[in-house]
Amino acid sequence: MLGIFRRLALAFPIAVGVSVVCFALVYIAPGDPLETVVPSDATAATIAVIKHAYGFDKPLAIQYLIWLGRVLHGNLGISIATNRPVSLEVGEALVNTLRLVALAMPAALIIGYAMGVAAARYPGRMLDRIVSGLAMFGISLPNYWVGVVLVIVFAVQWPLLPATGMAPIAPGSIGMFNWSDLRFMILPAISLALIPTGIIARSTRAAVLDVLSQDFVLTLRAKGLDEEAITRHVLRNALPQVIAVVALQFGYLMGGSILVETVFSWPGTGYLLGYAIQNRDVPLLQGIVLVLSMIFVVTNLIADLLQVRVDPRLRRG
Amino acid sequence: MKSDSFSSNHRWLRTLLLLSVAVSAADVSVAHAQGVLKIGMTASDLPITTGNPDQGFEGYRFVGYNLYDSLVEWDLSSATKPSVLVPGLATSWHVDPNDNKRWIFNLRQGVKWDDGCPFVASDVVWNLAHLTDPKSAQYYAAEAAQASSYLTNYASSEAIDDHTVAITTKRVDSLFPYEISYILLVSPCRAKALNYNWQDFANHPSGTGPYLFSREIPHQEMDLVPNKNYWNKARIPKQDKVELFPMPDPATRTAALLSGQVNWIEAPDPDSARRLKAAGMQIITNTYPHNWDYQLNFVKSPFTDIRVRQAANYAINRADMKALLDGMMIEGYSTVPPSTPYYGHPVEYKFDPAKATALLKQAGCYPCNVVFGISSSGSGQMQSLSMNELVKEQLDAVGFNVKLDTMDWNQLLAVGRNGVDKYPNLSAINISHQSQDPFDALIRLVSTSQWAPHGSNWGHYSNKDADALITQIYGEFDAQKRTALLAKLNELMNVQAMQIFVAYDVNPRALSPNVHGFVQAQSWFQDITSVTISP
Numbered sequence: 001m002l003g004i005f006r007r008l009a010l011a012f013p014i015a016v017g018v019s020v021v022c023f024a025l026v027y028i029a030p031g032d033p034l035e036t037v038v039p040s041d042a043t044a045a046t047i048a049v050i051k052h053a054y055g056f057d058k059p060l061a062i063q064y065l066i067w068l069g070r071v072l073h074g075n076l077g078i079s080i081a082t083n084r085p086v087s088l089e090v091g092e093a094l095v096n097t098l099r100l101v102a103l104a105m106p107a108a109l110i111i112g113y114a115m116g117v118a119a120a121r122y123p124g125r126m127l128d129r130i131v132s133g134l135a136m137f138g139i140s141l142p143n144y145w146v147g148v149v150l151v152i153v154f155a156v157q158w159p160l161l162p163a164t165g166m167a168p169i170a171p172g173s174i175g176m177f178n179w180s181d182l183r184f185m186i187l188p189a190i191s192l193a194l195i196p197t198g199i200i201a202r203s204t205r206a207a208v209l210d211v212l213s214q215d216f217v218l219t220l221r222a223k224g225l226d227e228e229a230i231t232r233h234v235l236r237n238a239l240p241q242v243i244a245v246v247a248l249q250f251g252y253l254m255g256g257s258i259l260v261e262t263v264f265s266w267p268g269t270g271y272l273l274g275y276a277i278q279n280r281d282v283p284l285l286q287g288i289v290l291v292l293s294m295i296f297v298v299t300n301l302i303a304d305l306l307q308v309r310v311d312p313r314l315r316r317g
Numbered sequence: 318m319k320s321d322s323f324s325s326n327h328r329w330l331r332t333l334l335l336l337s338v339a340v341s342a343a344d345v346s347v348a349h350a351q352g353v354l355k356i357g358m359t360a361s362d363l364p365i366t367t368g369n370p371d372q373g374f375e376g377y378r379f380v381g382y383n384l385y386d387s388l389v390e391w392d393l394s395s396a397t398k399p400s401v402l403v404p405g406l407a408t409s410w411h412v413d414p415n416d417n418k419r420w421i422f423n424l425r426q427g428v429k430w431d432d433g434c435p436f437v438a439s440d441v442v443w444n445l446a447h448l449t450d451p452k453s454a455q456y457y458a459a460e461a462a463q464a465s466s467y468l469t470n471y472a473s474s475e476a477i478d479d480h481t482v483a484i485t486t487k488r489v490d491s492l493f494p495y496e497i498s499y500i501l502l503v504s505p506c507r508a509k510a511l512n513y514n515w516q517d518f519a520n521h522p523s524g525t526g527p528y529l530f531s532r533e534i535p536h537q538e539m540d541l542v543p544n545k546n547y548w549n550k551a552r553i554p555k556q557d558k559v560e561l562f563p564m565p566d567p568a569t570r571t572a573a574l575l576s577g578q579v580n581w582i583e584a585p586d587p588d589s590a591r592r593l594k595a596a597g598m599q600i601i602t603n604t605y606p607h608n609w610d611y612q613l614n615f616v617k618s619p620f621t622d623i624r625v626r627q628a629a630n631y632a633i634n635r636a637d638m639k640a641l642l643d644g645m646m647i648e649g650y651s652t653v654p655p656s657t658p659y660y661g662h663p664v665e666y667k668f669d670p671a672k673a674t675a676l677l678k679q680a681g682c683y684p685c686n687v688v689f690g691i692s693s694s695g696s697g698q699m700q701s702l703s704m705n706e707l708v709k710e711q712l713d714a715v716g717f718n719v720k721l722d723t724m725d726w727n728q729l730l731a732v733g734r735n736g737v738d739k740y741p742n743l744s745a746i747n748i749s750h751q752s753q754d755p756f757d758a759l760i761r762l763v764s765t766s767q768w769a770p771h772g773s774n775w776g777h778y779s780n781k782d783a784d785a786l787i788t789q790i791y792g793e794f795d796a797q798k799r800t801a802l803l804a805k806l807n808e809l810m811n812v813q814a815m816q817i818f819v820a821y822d823v824n825p826r827a828l829s830p831n832v833h834g835f836v837q838a839q840s841w842f843q844d845i846t847s848v849t850i851s852p
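Chain order of the listed sequences is E and R. Heads up: the first sequence begins at 1 in our numbering, then just goes up one per residue. Heads up: the second sequence begins at 318 in our numbering, then just goes up one per residue.
Among the hints, a few may not be true.
Said to hold, decoys possible - With the C-beta cut set under 7 Å, the calculated list includes, among others, these residues of chain E facing chain R:
#, residue
1, N83
2, V151
3, T262
What the hints contain is simulated information worked out from the structure, not anything from laboratory work. On a predicted model such as this, the values are computed, not experimentally measured, just so you know. Where a beta carbon is used, it is the ideal one built from N, C-alpha and C, also for glycine.
Throw the hints in and build the complete structure from the sequences for me.
Right under this line is the structure:
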């Protein structure tokens with residue numbers, strides 16, 4: 001229990017560190033937070049008035065401290081570009097991305113895990129080569145390109161699924177259990193699932209092969225255990241590594257994919273992040289980076305706890 | 318066994334087929350919903366609804382001028398003649414005979430805000446304070462920012478009576494009606510009822526425009542419905558509803574149109590346009606005041622020499638550029654298209670590579686090293702990279718040695734805004750611009766008073782004759798005489814070869830075959846009220 005609190009406590013400086021780096025990067029990058037707010041031909045005097053109104057005339061350190069003070073009170077500020085509370089923007093985007101992740105992640109886990117185990121069971125054989133090839137294919141193909149191809153095939157050539165957008169899901173509804181909502185999610189979820197599927201397949205293959213080469217497997221075989229029982233032992237021993245990879249992939253997916261979400265006009269975290277960067281929307285960028293970094297930290301924390309649960313040897317470490 | 322398997326497969330196939338048909342039917346019913354105009358915009362987000370919108374002029378086109386009106390508006394009824402100013406919420410306007418800095422606007426009577434309050438002169442005064450006076454309760458920084466460039470010359474306003482308002486400018490300004498045409502008026506009643514909470518106002522906007530706000534799903538969709546009580550009966554919308562979708566990716570817009578998710582898309586790229594045409598879509602283009610050119614550095618050589626500027630213009634093979642864009646441009650020889658009333662008879666630098674090389678040699682700049690600041694993409698930048706590559710190729714062929722400094726769009730905007738002093742190593746920048754009114758088309762590019770960062774004269778061009786002409790233009794209240802002066806200014810700008818003129822955009826958009834009645838005006842703004850959608 002103490003360990004959990006320690007990890008949680010460590011998450012805070014990590015989040016602050018991330019926000020400082022992000023804040024600094026936004027200002028080092030060319031452009032100005034007010035670029036999108038004021039017309040391109042606004043005069044310097046006009047910009048000065050608007051800068052003052054937004055508080056951008058204060059020194060950077062002061063701006064950062066003001067922001068940090070607000071965050072500690074649970075207020076992520078107001079987006080410059082949309083004039084909506086950042087917490088609302090980030091919350092809605094997270095829910096939208098979660099809708100895709102809820103489809104993409106289980107699919108990636110089941111398919112990737114099955115592929116990895118199958119490949120590891122027959123190393124060097126045709127099945128292994130096919131699976132490894134497919135996994136590499138999934139990792140290497142740009143997922144936004146796959147998205148465009150899927151749209152051309154399944155929305156334009158055969159109009160089975162919508163090309164873009166998200167169904168107007170009612171607030172509070174999960175929007176995944178009826179076809180009219182679900183059909184909007186299928187193509188982006190497939191595009192998103194490609195990379196994690198490939199990575200999980202390759203990691204699972206490596207982990208299972210690693211365990212298979214260990215002495216205890218030889219001992220089990222020498223003791224005359226059947227292959228099914230041996231496989232059970234091997235999979236259980238390979239699980240901690242797979243959990244770590246899955247947790248990382250979950251974190252990546254929750255960060256959204258700027259390109260996939262742009263191709264599908266899906267208003268998730270990737271879209272919002274791209275939007276904030278493009279618009280130099282500092283409060284929005286700060287808010288979303290902070291929340292996403294916290295998701296990464298929490299996901300990894302959960303993964304660590306799960307690993308310990310699955311493999312008690314790790315507790316000693 | 319084989320038979321069973323076949324039968325099972327057959328059933329499976331039949332089910333799949335039925336499912337496909339059912340899904341397709343559902344899609345079709347969505348696509349062809351009676352009278353719903355579904356527009357895929359190029360904007361990365363939905364425009365704000367609190368008055369003057371963001372998302373550039375696309376925001377004005379689909380949200381601003383649909384929810385709101387301005388005192389003076391643009392005539393969008395003709396595809397064959399340039400758009401001109403027409404009465405909006407003001408039925409007429411004139412400059413005060415006793416004070417040429419004071420404009421009198423006679424307001425339209427009987428107009429109501431869609432919240433039911435009557436539209437009166439004090440509302441105009443209230444709106445101008447909302448945009449310019451940080452001390453007023455209704456001041457809103459985000460809106461002030463949007464409107465800032467159009468109110469630089471605004472000094473004060475007063476309601477003379479309920480239906481007459483006087484607006485005073487800081488200096489004599491015969492072009493003020495153009496500037497006020499960009500100022501959209503919002504309902505003071507609604508703003509007060511919402512305690513000036515502009516976030517709430519965004520969700521419950523109230524104006525006098527031809528459409529009413531129906532709903533917005535943030536970042537996804539905005540729905541507008543006809544305002545059946547619109548004061549201009551000829552422009553009461555003929556559709557049931559307009560749905561707006563932000564779709565910044567051109568491939569996404571194309572797919573959405575082809576799949577029937579939308580029935581109208583903005584700016585298909587030339588490659589997509591071919592495909593859309595083949596699929597039976599209407600590709601509509603027209604001349605419009607959108608200039609794709611290069612602003613030059615007049616502080617540091619080589620463009621300080623007029624011969625180098627002329628050489629660059631002679632080197633451009635605009636026909637090749639047009640072929641590159643599959644015909645989706647008009648060859649550009651001036652800052653305004655030839656249909657503009659003040660185009661005049663400017664010298665046109667037709668493609669003449671031999672002359673270009675000779676001029677460079679005369680100027681002693683051969684090879685002539687230049688650096689162009691360009692963006693990889695950006696609002697209104699057309700096919701930025703391929704167009705810039707072709708320009709480089711053409712200029713290099715006559716003796717230039719062009720280096721393209723490619724940057725992010727926001728960075729290029731900052732370069733444009735800050736002016737040549739901060740970026741002396743750039744010989745030119747490529748920021749396309751709108752040339753819809755005389756100030757934007759000509760004055761801001763040449764006036765010494767508009768030197769960046771105070772204005773848009775990026776390269777710090779200065780010419781006493783041009784400045785004198787501009788003073789005359791601002792002081793000339795006779796429209797015909799003013800047009801003649803503006804034509805003279807345009808001709809002077811061409812004689813000076815003060816830009817590298819390349820292309821005018823043609824504002825392409827693709828419409829489903831069942832979309833009817835659209836007249837594409839020669840303007841950045843468009844009237845969609847006349848559009849109908851057949852089943």
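Problem set entry | Satisfaction of the E:N83 interface hint, Cβ to chain R closer than 7 Å | With Cβ-Cβ at 6 Å, under 7 Å, it holds.
Problem set entry | chain R contact restraint on E:V151 - CB to CB distance below 7 Å | 5 Å, holds
For this session: Please verify that hint: E:T262, Cβ, nearest Cβ of chain R, below 7 Å or not.
Result: 5 Å, holds
The structure fails none of the hints (numbered hints given earlier).
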